[in-house]
Every structure is written in C-alpha cells, then in structure tokens.
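Given the coordinates of chain P, work out where chain G should sit on it, guided by the hints.
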Amino acid sequence: MSGQTESYKTFDESLVSNAKVPAVLCTGLRHRFGDHVAVDGIDLSVAQGDVFGLLGPNGAGKTTTIRLLNTLLPVQEGTVEVLGYDVRRSPMAVRRLLGYVPQQLSVEAALTARENVTWFARLFDVPRHERKRRVGEALEVMGLADVANRLTSTYSGGMIRRLELAQALVNRPRLLVLDEPTLGLDPVARDGVWQRVQELRHATGMTVLLTTHYMEEAEALCNRVALMHLGTIRAEGTPEELKSALGPEASLEDVFRHFTDAVLGGSDGKGGLREVRSTRRTARRVG
Amino acid sequence: MRSAALAEPRAASVDVKVASRGLAWRQFLNRAATFCLVELQKLRHDRTELFTRAVQPVLWMVIFGETFTRIHAIPTGHVPYLDFLAPGIIAQSGLFVAIFYGIQIIWERDAGVLTKLLVTPTPRSALILGKSFAAGVRALAQVVVVLMLSALLGVALTSNPAEILGAFVIVMLGAAFFSCLSMTVAGLVLKRDRLMGIGQMITMPLFFASNALYPVSIMPGWLRVLSRVNPLSYEVDALRGMLIGAPAHLGEDFLVLVIAVVVGVATAASLVRRLAC
Numbered sequence: 016m017s018g019q020t021e022s023y024k025t026f027d028e029s030l031v032s033n034a035k036v037p038a039v040l041c042t043g044l045r046h047r048f049g050d051h052v053a054v055d056g057i058d059l060s061v062a063q064g065d066v067f068g069l070l071g072p073n074g075a076g077k078t079t080t081i082r083l084l085n086t087l088l089p090v091q092e093g094t095v096e097v098l099g100y101d102v103r104r105s106p107m108a109v110r111r112l113l114g115y116v117p118q119q120l121s122v123e124a125a126l127t128a129r130e131n132v133t134w135f136a137r138l139f140d141v142p143r144h145e146r147k148r149r150v151g152e153a154l155e156v157m158g159l160a161d162v163a164n165r166l167t168s169t170y171s172g173g174m175i176r177r178l179e180l181a182q183a184l185v186n187r188p189r190l191l192v193l194d195e196p197t198l199g200l201d202p203v204a205r206d207g208v209w210q211r212v213q214e215l216r217h218a219t220g221m222t223v224l225l226t227t228h229y230m231e232e233a234e235a236l237c238n239r240v241a242l243m244h245l246g247t248i249r250a251e252g253t254p255e256e257l258k259s260a261l262g263p264e265a266s267l268e269d270v271f272r273h274f275t276d277a278v279l280g281g282s283d284g285k286g287g288l289r290e291v292r293s294t295r296r297t298a299r300r301v302g
Numbered sequence: 456m457r458s459a460a461l462a463e464p465r466a467a468s469v470d471v472k473v474a475s476r477g478l479a480w481r482q483f484l485n486r487a488a489t490f491c492l493v494e495l496q497k498l499r500h501d502r503t504e505l506f507t508r509a510v511q512p513v514l515w516m517v518i519f520g521e522t523f524t525r526i527h528a529i530p531t532g533h534v535p536y537l538d539f540l541a542p543g544i545i546a547q548s549g550l551f552v553a554i555f556y557g558i559q560i561i562w563e564r565d566a567g568v569l570t571k572l573l574v575t576p577t578p579r580s581a582l583i584l585g586k587s588f589a590a591g592v593r594a595l596a597q598v599v600v601v602l603m604l605s606a607l608l609g610v611a612l613t614s615n616p617a618e619i620l621g622a623f624v625i626v627m628l629g630a631a632f633f634s635c636l637s638m639t640v641a642g643l644v645l646k647r648d649r650l651m652g653i654g655q656m657i658t659m660p661l662f663f664a665s666n667a668l669y670p671v672s673i674m675p676g677w678l679r680v681l682s683r684v685n686p687l688s689y690e691v692d693a694l695r696g697m698l699i700g701a702p703a704h705l706g707e708d709f710l711v712l713v714i715a716v717v718v719g720v721a722t723a724a725s726l727v728r729r730l731a732c
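As they're listed, the protein sequences go chains P and G. To convert, count from 1 in the first sequence and add 15; that's my numbering. To convert, count from 1 in the second sequence and add 455; that's my numbering.
Do not rely on the hints blindly, as some may be mistaken.
DEER-style ranges, computed between Cβ atoms [what the hints assert, rightly or not]:
(1) G:P578 - P:S171: 47 to 57 Å
(2) G:I526 - P:R143: 55 to 65 Å
(3) G:W562 - P:R104: 44 to 54 Å
(4) P:R103 - G:A606: 54 to 64 Å
(5) P:V203 - G:P616: 53 to 63 Å
(6) P:S168 - G:N485: 35 to 45 Å
(7) P:R165 - G:W677: 48 to 58 Å
(8) G:I526 - P:G172: 51 to 61 Å
(9) P:G56 - G:W677: 55 to 65 Å
To give a feel for the contact side, a few chain G residues facing chain P, derived at Cβ under 8 Å [as the list claims (entries may be wrong)]:
(10) T489
(11) K497
(12) H500
(13) D501
(14) A566
(15) K571
(16) L573
(17) T575
(18) T577
(19) P702
Just a sample of chain P residues kept apart from chain G, beta carbon distances all over 10 Å, derived [stated by the list, open to error]:
(20) L113
(21) A260
(22) P263
No lab work stands behind these hints, which were simulated from the structure alone. Don't be surprised by glycine CBs; every beta carbon is placed ideally from N, CA and C.
This is chain P alone, in the form it adopts within the complex:
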C-alpha cells in the first residue's frame, strides 16, 4: 500500500490549491423529467479535498444530480459550478476537470486494460510524450499493472471497477465523481475499491464526490455527507454530526431511516421501485 501511495504522489502535486473555490456548488438546482421533479431545488456545496457522500434511497435524485454536474443532462433551472466553472456555460472546461465512474461496470471488453486507459488518455489530450507513463501509473496505482495486457472481457467485477478508476484518473482530475462505485460487487471487490479510494484521498487530497445507498460505504469513505430523498436534501454534515444529532447510540443507518422514512414502495409510492422505473422510462423518452 505504501508503495502505491508513494507512486501516486508523483501523479499530481497541486490538486488542492485554491481551496476557497468549492469543488461543487449547486444553487437552486431543479430538474424535471416530464411531470416528474427528480431534483427539487437543491443547494449544495462541496469543499475541495472533501470525500463527499450523496446518500439516499433509489430514486432520491442522486444520479440525476451527478448527471447535471458532469454535463450529461442540461441544467434546466438553477446553477451548477465545478471548481468555479459554470456547467452550462463551460461544459468542456468542466469535463476536463472531472474523472467519472458511472454506476454501471463499463469498459470496452474487446480491448486490453492498457488500451482502455490509453483510449481515455487520448480523449483527454494527455500529451503523447507523457501518455505511456501516465497510463502505466494509473494502472499501477489501481493494482492492474501485471494484468494490463489482458483483454478486459476476462476481468472480474472488482478488477473492472478498478480499471474504471484508472481510466478516470489518467487525466489527473480535480474532482472524481463515483456513482454507486461498489454496486453489485462482492465484499472483497468492494473492500478493494474502498482501499484504492482511501489511498487516493490520503495521497493527493483529491476531491471525491460519491453517491451510495450503502451506509457502511459512506462511513468508511466520507468525511461529509448529504442525505437526499425525493429530490431534496434532507440533512447535511459530517457522519458524526448527523449521528449525534439523532442520539448517542444512533448509527448512520438510523440517520438514513430517519430522514428518508425508509419508504421504498411505501403507501404513497414516492421513491418506490415503480416510481423509479417510471422516472427512468420518462427520462429516456424525453431525452
């Protein structure tokens, strides 16, 4: 681990200067899919260097928020700034500052790991004379150097997730966005991902914004969290602050239940599976 951390120190040395500029600043952010309001006027600020967890049940609006700040969805109402850049006005500048790992395991299975990472290095205009070294570093940091020339179709879920992290890091992002990074992974693979993210955080101080509905993951990784439900932010603070506000014995799971009512498929159907599916169908239809 120390070797990996040490090698990562050369990855970037100046990620947390200008600490006064928030890594993410959302103001009055609202997004609709047809009649459904997926994000309902949220205000959110993520400081540079934080590992910030956006928590909430399915259909809370976490992924929509992520997709608004990473330019995948157009900002309909409100503003989003990433490290001072307005997402609506400067989408290309924002994309250059981001590393993004989506919810779904997604690499090109017909390529090797090295080719997958090199592909993204080229798309991020990593200079040719640096490309090979930076691709090698990203693979090394994620513990994939020994299997870098294998086709990724032979990779396990945990290896693919680490490869995706390598792809996301090859452009030395200022903000790493992880959307449900351990969804569907077994406990060993999940621990591997957590370990890499923690190493990254300790070695570089890079800002990480992650969404999850695993409270254990939030406790392990995040120094600050926001609880989202039905498109709004219900609570925000450090995990300790949120737990102590609820009671001396409270866990983050209790905080989660308290603020979301744990209504998945509840009586009003809000935030339930049916509504999540309906929202996603509408989102796809309206583009």
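Relative to chain P, chain G alone:
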C-alpha cells in the same frame, strides 16, 4: 466565473488552455484518429469478423458476377460485367458494415461506455465523426478483401497507388455517411431490435436503388430519381472512375459525399443526448 482563482493549479490551467482550442480541427481529427485506432485494436484482437463479412461479397462476385458476365444480360459497354460489378460490391460491403454500426452505439449506451465518452472533453460532433470514421476503418478491411478477390478473378483494376488511395477515401466517406444514418436511426429508436429491423428494411432498397449492379441508363425513370438522391450511387460512380477507369464525375461525387457526411454527423450528433439519458 472564477477563472482567476483557477489559474494557479498547474494541471487545471493547462487543461483549460487545451479546452479553449477545443473547437480546432486538430482536435476533431485527433478524436477521429483515436476512435479509428480503437477500432483497429478491436479488429486485431478478434479477426473473425473479417472472414465472416467476406463471405457475402465473395458470393456476389463469384456467383452473381461470373454468371451475369456469361449471360451478358446487363449492358456495360466494353467493360466486362465483373469489372463493372467489383466497385459496386466494394461499396456494398462498406454499406453493409456501416448501416448496422448504430447497434454498436446502442450497445455502448447499454454497457455504460457511451456515458463515459460523453463526459470526456469530446464534442458530440467529434464523437460521431470519430465513430463514423471508425466504421470506415472496418469497411476498408472489407475493401482489401474484395480488391484481392477481384484481382484473383482477373478484374482489370488500376495499379495506380493514388487511385487506390482515392478509392479508400471514397469508401471511408461512404461508410461514414451510412454509419451516421445508422446512428441517427439509433438515436431515434433507442433499441437494438428496432434498429436491426430498420437496417434490414433500408439496406436492400439503398443497394438496388443505386448503380452498384446495373448502369443508371437501364433504370426506369422513378428508379433513376431514387438513384440520383442515393449517396451510394455517387460512391459507386467514383469507385468505378478510380478503380477501373470508367467515365465518372469525381468532383461531384466527392462533393456530394462530403456534404452527406457533414449533414449526417450534424444530425446524428444532435441525437446523441437521447442515447445518453
């Protein structure tokens, strides 16, 4: 905007400088080259497609071409029918590769890869241009197969490297347009099954309503009109001009194909967001 506050971190400021040149042609071409390279890498890892896709043009050349050469049913002047047919089959091979290319973008959407590509600093149009040229790379692999087969069958092909290179450019443009058409349909229908159906529905009409199998002069009036608006006809005309020295309208053919690609890229790019959601 707080760009001044962002000026200090070296990595960020360098990246943003590059972004300001983002509209430059160089970046467009760099992206296109990247997607072509990825396509070649995929082909290198799995060459099965090169062989399976070669079957159909071989059948057209060996069975259809040889037979119609003997029965002299199609008037092609002094040009043997097999020579007349070879450029048409080259264009057809490119069409068949490209017209189903939209399936790949739907697959990439389903696999989450497209989402990640759209979060890179790649303009939508550059992404589509790159993917369409990547389809062209796959088509070129087929061209090489058909050219070799044509030579074996005794087709009097040009040996001028410039003309062969020109033919490659024409095939790239044709494949780029038809893959844009496919990606446009993909952006509209959003599902693989639907795209397969539409692809199959439009492929043969495009092929038969062109000059690939027979000269325009023997077509009924209504088919001539369709042939006139079919980019495949311009591709075949240019290929015949360059590969077998037939009379052709190279300037017009090239211009039509370039315009078709530009319109195709713009249309498909406008629909990419639908696939990403």
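Query - List of violated hint numbers, smallest to largest - result: 1, 3, 6, 19, 20
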